[in-house]
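Participant: Spelled out, the chains give:
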Amino acid sequence: SSSAPAASDSAAGDDEFGLVNAGTLTVATEGTYPPFTYHEGGAGELVGYDVEVAEAVADKLGLEIAFEETQWDAIFAGLDAGRFDVIANQVSINPDREEDYLFSTPYTVSPSVVVVNEGDDSISSFEDLKGKTTAQSLTSNFYQLAVDAGANVEAVEGWAQAVALLEQGRVDATVNDKLTYLDYVKQTPDAKLAVVAETDPSESALTFTKDKTALVKAVDEALAELREEGVLAELGEKYFGEDVSQ
Amino acid sequence: MTDWQLVLDSFWPLLWGGLSGTIPLALASFALGLLLALGVALMRISRNRVVSGIARFYISVIRGTPLLVQLFVIFYGMPSIGITIDPWPSAIIAFSLNVGGYAAEVIRAAILSVPKGQWEAGYTIGMSPGTTLTRLILPQAARVSVPPLSNTFISLVKDTSLASLILVTEMFRVAQEIAAFSREFLLVYIEAALIYWLFCLVLSSGQNLIEKRLDRYVAH
Amino acid sequence: MTDWQLVLDSFWPLLWGGLSGTIPLALASFALGLLLALGVALMRISRNRVVSGIARFYISVIRGTPLLVQLFVIFYGMPSIGITIDPWPSAIIAFSLNVGGYAAEVIRAAILSVPKGQWEAGYTIGMSPGTTLTRLILPQAARVSVPPLSNTFISLVKDTSLASLILVTEMFRVAQEIAAFSREFLLVYIEAALIYWLFCLVLSSGQNLIEKRLDRYVAH
Amino acid sequence: MSPTDHERSANDGAANGGAANGSDAAGADPLAPGQTPDDSVLLEARGIRKSFGDNEVLRSIDLEVRRGEVVVLIGPSGSGKTTVLRSLNGLETPDGGTVSIAGGPSLDFSTPISKAERFALRDRSAMVFQQHNLFPHMTVLQNVIEGPVRVQKVPKARAEAEASALLDRVGLAEKHDAYPFELSGGQQQRVGIVRALALKPQLLLFDEPTSALDPELVGEVLQVIKELADEGWTMVVVTHELGFARQAADEVLFMDGGVVVERGAPGQLFTAPREERTRRFLQRILRPLD
Amino acid sequence: MSPTDHERSANDGAANGGAANGSDAAGADPLAPGQTPDDSVLLEARGIRKSFGDNEVLRSIDLEVRRGEVVVLIGPSGSGKTTVLRSLNGLETPDGGTVSIAGGPSLDFSTPISKAERFALRDRSAMVFQQHNLFPHMTVLQNVIEGPVRVQKVPKARAEAEASALLDRVGLAEKHDAYPFELSGGQQQRVGIVRALALKPQLLLFDEPTSALDPELVGEVLQVIKELADEGWTMVVVTHELGFARQAADEVLFMDGGVVVERGAPGQLFTAPREERTRRFLQRILRPLD
Ligand SMILES: Nc1ncnc2c1ncn2[C@@H]1O[C@H](COP(=O)(O)OP(=O)(O)OP(=O)(O)O)[C@@H](O)[C@H]1O
Ligand SMILES: Nc1ncnc2c1ncn2[C@@H]1O[C@H](COP(=O)(O)OP(=O)(O)OP(=O)(O)O)[C@@H](O)[C@H]1O
Ligand SMILES: [Mg+2]
Ligand SMILES: [Mg+2]
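Residue numbers (the numbering used here), protein chains in the order written: chain P, 1025 to 1270; chain B, 4 to 223; chain E, 4 to 223; chain C, 101 to 390; chain U, 101 to 390.
A few of these clues could be false.
Stated by the list, open to error - DSS-like mimics (lysine-lysine), calculated; alpha carbons at most 30 Å apart, straight line:
(1) U:K275 / E:K119
(2) B:K215 / C:K326
(3) B:K215 / C:K256
(4) C:K275 / B:K215
(5) U:K256 / E:K215
(6) C:K215 / B:K119
(7) U:K256 / E:K119
(8) E:K215 / U:K275
(9) E:K119 / B:K215
(10) E:K119 / U:K326
(11) B:K119 / E:K119
(12) B:K215 / C:K215
Treat the hints as calculated values from the structure; they're not laboratory data.
Okay, chain P solo, but in the shape it has when bound:
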């Protein structure tokens, strides 16, 4: 019942949101996907673009926030099992997922890129991936992109392993988020990688189960306000040097 006094937005009612823990927004994230969700300095605080966006949203809703860190394999299983309220982990919106889940308005809009070793000119477009080998994490939508382009895809744990394979010459390319690539190049200035192709931008959003309509509505309002107030742009500046929210 939403009859609680509207002293703050939070009072809009945990009951109505059907939160896992009343008064707290329980957020699932990997914690191992920089710069979106990772630990400061490796073993410090959980930080990252997605983390701070989620924190800002919870703040707007007047809710406490609790992060549950898990692996990508388990993240949807946990959401389905009612262990989390929301996933904040660069989940990109696609029609298949939309069948099963609700999405907030996107907070990240960026293209996917094809990354190859510097000087490799055999690949210059997505079409060129046909017959080549790429390394992707199995669960990402980059995996699907590579498959669709006709590549042989090797599944790896994450970006770090994909880059290792690429640099060791065991795969020809990897497809990933442009932001991930930019961050890597920033952190590893002597990396000898190059981007040779880019897709249309895709959108990532907070992800909910189908029954969380009230929560999604409130989150969308919060995101709109944050966008309005320039908070999303600020966070983009902080992590990527640019606003990535649209």
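Once you have looked at the hints, place chains B, E, C and U with the ligands on chain P.
Facilitator: For chains B, E, C and U with the ligands alone, coordinates are given in the frame of chain P:
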């Protein structure tokens, strides 16, 4: 950040992850698992075919399916039948069940390795089977089972790394976080491996102490 | 797609992943690992302290560090010293080394369990230590070591799931793919677990056959 | 330590043996059963039958032992001697026949017997094994007091005092705190005997108590058993030591193929066996090279 | 099967025993060493010393065995009897002293000995153990031919023929294809003896060959050994069977504390021992209850 700096900076967080996550998780699961294993071993030895059949089935399932799946079922599967268990308890339950299956066979073999004459000597001084078991058989079985049980324990210590899948922060999870941030996954994983090794060396020397103590009553 | 349909559709791909990935990988690694283990066990028994020290160290490292890290070192680490090994060979090397460490202790214990009198009986009919070992000791040690070795093998079958991390397509990898696209992790993993269990049951009955054959020369 | 007291309490259904009266026995000779033969029947077994699968091990064994009597069982390997003792001690359940010990109720094995009945049987006798079966993880003293303290609930201090007296008496005064592995075979077997005595049973059962010993150690154990016999303990002894049987036995039974082929006083049976089978067996043992 | 042939080939440094000449022996009595005592010394050991850590087990043992002679070693447990046999068979390396067998070169243990020397020692003798140590995973026949076929390179068919003859001779005609666990203790021990004989050694060493046997089985094994003795085999036997020693031994040695306390013909040593220690030991064995 140089590699060397990374190794230095990661050492304490990793060790702490081990001491606050890996070790307590392993200890608690091992203690509970042993109790369970004793019960299962006795069931398995039982002449009652139903009782021993249940024990057989349990052991077979536990040993025949990947631990990873066992963890998943307890943590992600149980909620679908209305039972939601927190990460730590889930992990302890799953690992205890796992230890229970493996250690049951060890304990069973150890009990069977005590000469039949010891049971009979117990009966002949008027002991019940229960008293004979606890006073005579188990103390002798303990000696035989220390080496294989310590193997089970060492495996458990390493297997706890799977707990990161169900939201428990232990050493391997810390390693993954550091690796993700630094992208030097190989280096960090090796460092973690060395700390696991350290733990195992400490455990092995503990095992030697226990063995020595239990060996005081046999010829050397 | 209903759950039931998913289970049906996944069955053949999973089984095929098992038969074409898991089983050959496990068999090849186990065969090589056993050979290695025999050598390591003999080194470990050796009176030469350097030789037995090397064996001890190897066993300790293998058993003290997570298999995952061993896989990573071989697959991702060796290229940094100029040796690049393909996924399948990498996996077989890593699993063989792993089996070598675990089975060495089993074989050592089995060799030591053969009564000293058998060595002496061999010497006294003029046999060299090598002939005594192969003709007399190992055949008897084989009997004792079948149950623990089959445990090692069953563990190996399940551990091969880690090979998916270094790009080998085996059953667990297939399960991950199906799960990733259907997002029915729990269901698919349980199905995979049941197939692992099936494999283990088949292996166990194979073990029983071997034990029966080796037991023909002892009183029942 | 009086079998008479023991009998009384055992008949009351309690399992505390002669413990209630044990304190005054500690001063007396600890080996003495405190009772002279009174010719009453202590053990009566009739028609004991036992098969393992198709193997009919005991066909119909009758056995009567009077108080203070020593009965020796001899016979070839596999003739069923051990099975007889185990049946008397409740370690084996015969398929038929009756056993009564110390005038207690007669157990009929042709009907299923209860746990309590089996325990009553066991309480009245104590067994000394060929392989002694000492508890390797306990010291000598702990081995001996385990039964009295855990089963008969004798206070620990008294059990220890009594055990010490018994151990001293059989020449093990120095060995109270030794572990079994630190003893010679003969010493281990003597501890086994003391462990049985400490239970104050009415009947002592010995199953080849010296056959696992080095020949020079046989004497010390037989000596102890002979002293027990001389002091009036009732016992059934399976042994191949015919010299011992000749000196200590009141009656010798020769078993073969699950039946008692011949029984008699040792003087008669050893010198003038009535049965050809007995003669051949004795010959094989006494003059193996003829 | 001629120890003389064997000696010749052994002196050539080959390990093929008397195999070269074995075929014509198959027709003859397979137990016979094919040689009468010729009074020449077959084994000569002088001043054998051996310590295990601080425990001086053999102090200075001298031993001389002539061809066809039977020497029996007796003595209390731990006196070093087994260690003597093991030293003669190269299973143990003494700390000092010399051994020569069959006139071969004398081995001096005060200097390190080579592998070849140890093997030569072993080739000239064969040992029968108390616990028989048969190979449990091989049939009786396989047990017996293992040495000739694998070590002495005798063709398998001939080895089998010879082994069969030997087995038949000791009453095991029916048991060629049985596994050891299917045999009685006495049968197992007879296989152990045949396994030693099949090597055609010049010297047979027996270490308490009957002490692990049931008393009624002792006779059958002693009988076989006695026949070997009667037929001229040279042997050193450790045993507690004084009756056997009396009938079969040419010389008896009594050991205690690592030295030979007394030696003599059995008639003298058993009836009129010169040493008090010998007397006490014989008394303990022969009349344990006095
Ligand atoms: N638990 C059992 N299961 C099957 N058969 C048994 C069992 N115990 C004894 N037997 C058989 O019963 C027969 C008699 O055995 P028992 O031990 O009573 O003989 P024994 O006279 O004591 O012989 P020994 O002198 O060798 O000790 C043997 O044939 C033996 O194999
Ligand atoms: N390998 C060994 N290491 C240490 N001590 C040993 C070893 N072998 C024998 N001994 C010791 O040497 C001494 C003599 O042993 P040995 O076996 O020769 O005696 P024995 O006369 O054969 O006795 P028994 O009649 O009991 O067989 C004993 O004190 C024994 O403990
Ligand atoms: Mg018996
Ligand atoms: Mg000896």
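Participant: Against each hint, give a clear statement of whether it holds in the structure.
Facilitator: How the hints compare with the structure:
For the suggested pair U:K275 and E:K119, the alpha carbons sit about 26 Å apart, so the restraint of at most 30 Å is met. With a C-alpha separation of about 41 Å, the suggested pairing of B:K215 with C:K326 is violated against the 30 Å cut-off. At most 30 Å may separate the alpha-carbon atoms for a hinted pair to count; B:K215 and C:K256 meet this at roughly 29 Å. This hinted pair checks out: C:K275 and B:K215 have alpha carbons roughly 23 Å apart, not beyond 30 Å.
Of the supplied pair hints, the one linking U:K256 and E:K215 holds, its CA atoms being roughly 29 Å apart against a limit of 30 Å. For the hint pairing C:K215 with B:K119, the CA-to-CA distance comes to about 20 Å; that is within 30 Å, so the pair holds. A threshold of 30 Å between alpha carbons decides the hint, and for U:K256 with E:K119 the separation of about 28 Å falls inside it, so the pair holds. Taking the CA atoms of E:K215 and U:K275, the gap is about 22 Å. The hint holds against a cut of 30 Å.
Taken as a hint, the E:K119 and B:K215 pair is honoured in the structure, with Cα atoms around 23 Å apart against an allowance of 30 Å. The hinted pair formed by E:K119 and U:K326 meets the criterion: a straight-line CA distance of about 29 Å does not exceed 30 Å. Between the alpha carbons of B:K119 and E:K119 the distance comes to roughly 24 Å, so the proposed pair stays at or under 30 Å and holds. Distance check on the hinted pair: B:K215 and C:K215 sit about 40 Å apart at the alpha-carbon level, beyond 30 Å; violated.
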